[in-house]
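Q: In case you want the letters, here they are:
Protein chains: 2
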Amino acid sequence: MTTPARRGRPGYDLESLLQVAVKLFNERGYDGTSMEDLSRKLGITKSAIYHHVPSKEELLRLSVDRALNGLFAVAAETESFEGKAIEKLEHLVRGSVLVLVDQLPFVTLLLRVRGNTKVERAALARRRDFDRLVTDLVKQAETEGDVRPDIDPAVTARLLYGMVNSLIEWYRPRRGSAGTELADAVCKIAFDGLRA
Amino acid sequence: MTTPARRGRPGYDLESLLQVAVKLFNERGYDGTSMEDLSRKLGITKSAIYHHVPSKEELLRLSVDRALNGLFAVAAETESFEGKAIEKLEHLVRGSVLVLVDQLPFVTLLLRVRGNTKVERAALARRRDFDRLVTDLVKQAETEGDVRPDIDPAVTARLLYGMVNSLIEWYRPRRGSAGTELADAVCKIAFDGLRA
DNA sequence: TTAACAACCGTCCATTCGGTCAGTAATCAG
DNA sequence: CTGATTACTGACCGAATGGACGGTTGTTAA
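Protein chains in written order, with this note's numbering: chain P, 1 to 196; chain C, 1 to 196.
The hints are all genuine.
Keeping only pairs whose Cα atoms sit at most 30 angstroms apart, straight-line, the calculated DSS-like set for lysine-lysine is:
1) C/Lys56 x P/Lys41
2) P/Lys46 x C/Lys56
3) C/Lys118 x P/Lys41
4) P/Lys88 x C/Lys188
5) P/Lys23 x C/Lys23
6) P/Lys46 x P/Lys56
7) P/Lys56 x C/Lys118
8) C/Lys118 x P/Lys23
9) C/Lys118 x P/Lys46
10) C/Lys41 x P/Lys118
11) P/Lys23 x C/Lys56
12) P/Lys56 x C/Lys41
13) P/Lys139 x C/Lys188
14) P/Lys56 x C/Lys46
15) C/Lys139 x P/Lys188
16) P/Lys118 x C/Lys56
17) C/Lys23 x P/Lys118
18) P/Lys188 x C/Lys84
19) C/Lys188 x P/Lys188
20) P/Lys118 x P/Lys41
21) C/Lys46 x C/Lys56
22) P/Lys188 x C/Lys88
23) C/Lys56 x P/Lys56
24) C/Lys23 x P/Lys56
25) C/Lys46 x P/Lys118
These aren't lab readings, by the way, just hints derived from the structure by calculation.
When you get a sec, could you build the whole thing from the sequences and use the hints?
A: In structure tokens:
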């Protein structure tokens, strides 16, 4: 029962199309990918794409929303936690890395949005909300004495998530490799430094 | 003698034009910026741009080359150093941050290149050379016992420069703020961690 | 067998794209 | 004034872009 037995003519549905689209967008950039490029990659005509999705931008919206929903789910989980701020922070970082690994193509697209259109600006706004959440957590952890006080918490937060987000530049999922190991590595370096 | 007294009709020269172009490319993305967008921002016609530069791609080439030259200059300086690998590494990181701050728009553009054209692929190739240099340095520092051995040096190197490169996402130069303070912060967090 | 359903094709369109070219305008040295 | 030097304009081009639209093909449930 792996197949739910879809009705109608077989082919792409929105989900399978989105997978291909996001991958291509990440390879060539959203603006650098034309709908014809995409249609060629899919093996169908350009007009067939518009049966599944009303516009190119909608593909972008679906992708970035998926990434953002994943990140905010982790954030919500974190906030319902009991304990010190630094523990919450570590939980948030671990969760973020897991979302990033799990939804790699979508998060990748999200982190490259520039703000040229309404859709992109909305995504940037939600990203800023998330960043503020991280910064607040770092600030709190600092007042609790668990984060070094010699660096501006806002800077610390940005460096921390700069490191986390940079995973999209090189991490590629391999069969059997769990994201938890990667999360471990990130937390070790970020919290305790790379020195022996 | 601030003005070298240029001959001919006043207006943009290649350098001043490049400044505006790179800034706009960073705001909207290279592919997302048309030559007409650029001409509007410059206040001249599109064809006037082609008096200064033979193609759009040449603007990109000039920019990324400037960034890469800056980074490789620091790398060369680092290699001529005496001392332990971890000291070289810290010097390289500091130098990279300074180049990044100094040539922010150019480095920003470089770090967003996707590899769609020959120019972009050439830039990516030089970036890979630089990354390999960093990785080798981390490896050596690990065998010398100065970098934690519980994480793959390649991963450590990438997380380290992920943090460094993430500066382009939020750092904006302010009058009177030296890049050295920022380099300090980066080195503290990266080498010793954010924990108190 | 048939009707509903879902995916797809070919053609067309207005606009925008990067780029060309022949001529013009402003500055400075002599 | 003249001529060299440099910056710029306006009209234009072929190709590519995102998207519209009416019709077609293949699959499943009844």
